[in-house]
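Required output: the full structure, derived from the provided sequences and hints.
Protein chains: 2
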Amino acid sequence: MAIFSKTCEYAIRAVFYIAHTSNKGHKTGIKDIAAGIDSPELYLAKILQNLSKQGIISSSKGPNGGFYIQESSLTKPLSDIVEAVDGNGLFYGCALGLSQCSEVNPCPLHHQFKSIRDQIHQVLRQTTIGEFNEELINGLFSLKK
Amino acid sequence: MAIFSKTCEYAIRAVFYIAHTSNKGHKTGIKDIAAGIDSPELYLAKILQNLSKQGIISSSKGPNGGFYIQESSLTKPLSDIVEAVDGNGLFYGCALGLSQCSEVNPCPLHHQFKSIRDQIHQVLRQTTIGEFNEELINGLFSLKK
DNA sequence: TTTATAAAGGACAAAAATATCTTTTATTAG
DNA sequence: CTAATAAAAGATATTTTTGTCCTTTATAAA
Ligand code: FES
Ligand code: FES
Chain L
1 MAIFSKTCEY AIRAVFYIAH TSNKGHKTGI KDIAAGIDSP ELYLAKILQN
51 LSKQGIISSS KGPNGGFYIQ ESSLTKPLSD IVEAVDGNGL FYGCALGLSQ
101 CSEVNPCPLH HQFKSIRDQI HQVLRQTTIG EFNEELINGL FSLKK
Chain G
1 MAIFSKTCEY AIRAVFYIAH TSNKGHKTGI KDIAAGIDSP ELYLAKILQN
51 LSKQGIISSS KGPNGGFYIQ ESSLTKPLSD IVEAVDGNGL FYGCALGLSQ
101 CSEVNPCPLH HQFKSIRDQI HQVLRQTTIG EFNEELINGL FSLKK
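The listed protein sequences derive, respectively, from chains L and G. With the numbering used here applied, the first sequence corresponds to residues 1 to 145, in that order. With the numbering used here applied, the second sequence corresponds to residues 1 to 145, in that order.
Among the hints, a few may not be true.
Identical chains share a label here; the pair holds if one copy fits it or two copies do between them.
Unchecked claim - In silico EDC-like pairs for lysine to aspartate or glutamate, Cα to Cα no more than 16 Å straight-line:
(1) K6 / D118
(2) K144 / E103
(3) K145 / E103
(4) K31 / D80
(5) K144 / E41
(6) K61 / D38
(7) K145 / D38
(8) K31 / E135
(9) K6 / E83
(10) K53 / E83
(11) K46 / D86
(12) K31 / E71
(13) K6 / E103
Calculated from the structure, these hints are not laboratory results.
Structure below.
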């Protein structure tokens, strides 16, 4: 088990990739993105369709079309992507799968994991989509397997 | 997405349940455990078979048989259960699914998530199987949905 | 307007996780 | 020894996740 679903991993990596390639109105095709993040092209297409519907990224059809991110969206937090794909279980769900996480009727791990979940949430809320563009351009970070 | 797989959630809850019922050599049957933690009985049976093979819990067949935990095993860390069921991806895997998490070729989220993973690992290593027995007996913690 | 391009959409397929069913084996009580 | 009990083992079923294929729609260039 990983922290995020595979779908969500692809989604975040793809959004980072699109963000750092989409300056001055440049659009990136699915083939390029899939190659850039080492993911199955057709599956990624579905994921990006979803993110596009949710308004996290944008797309245009036809020649010179592709996926891109509005300047204004670069400041959106990563938690938007995670919620869109994996839901908010990671932020609010009980670590042991109880139907609701509550202070009143807590599971044994409640206290320790509440703190961990809060931290995950905070990191994802304070990290933005566009935040790593420079490092990505400079090759300091990897998005490939 | 939750932190642990459903299988692992059942496993941890079941082990807690067994731990707090298994004093003075008492053994607990699968029916009792499944009811006690609100889980599908036959699926849980498979999970406990596995934990038993891995030496985390013990079992005996026949009349008055059932599952129990050796006194000495009460001090085992929860990380043993998690590793047995979900593997160590949560502790060592890359948050964005890169084939290996490395300082040399890190993903953009490496630093922040390394710290989070380490904390999860630490909590699970320092929390023991038997640690909550008293609270469980006193009904301060819940293992049921 | 026609053609080429690229995403959207819907159907389908494969793999993994979750769940159930049936038979076998070990153990204990009578 | 026999019968009853309870876990082990193996087979099968269902659901969810992941991945692919094929057709349609929108757009732009020629
Ligand atoms: S009740 Fe389990 S984490 Fe809060
Ligand atoms: S490389 Fe992604 S978490 Fe370390």
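Each hint, compared with the structure:
no.	hint	verdict
1	K6 / D118	neither (22 Å within a copy, 21 Å between copies)
2	K144 / E103	between (41 Å within a copy, 14 Å between copies)
3	K145 / E103	between (40 Å within a copy, 14 Å between copies)
4	K31 / D80	neither (24 Å within a copy, 42 Å between copies)
5	K144 / E41	within (14 Å within a copy, 42 Å between copies)
6	K61 / D38	neither (23 Å within a copy, 50 Å between copies)
7	K145 / D38	within (6 Å within a copy, 39 Å between copies)
8	K31 / E135	neither (23 Å within a copy, 55 Å between copies)
9	K6 / E83	within (14 Å within a copy, 20 Å between copies)
10	K53 / E83	within (14 Å within a copy, 38 Å between copies)
11	K46 / D86	within (15 Å within a copy, 28 Å between copies)
12	K31 / E71	neither (23 Å within a copy, 57 Å between copies)
13	K6 / E103	neither (31 Å within a copy, 22 Å between copies)
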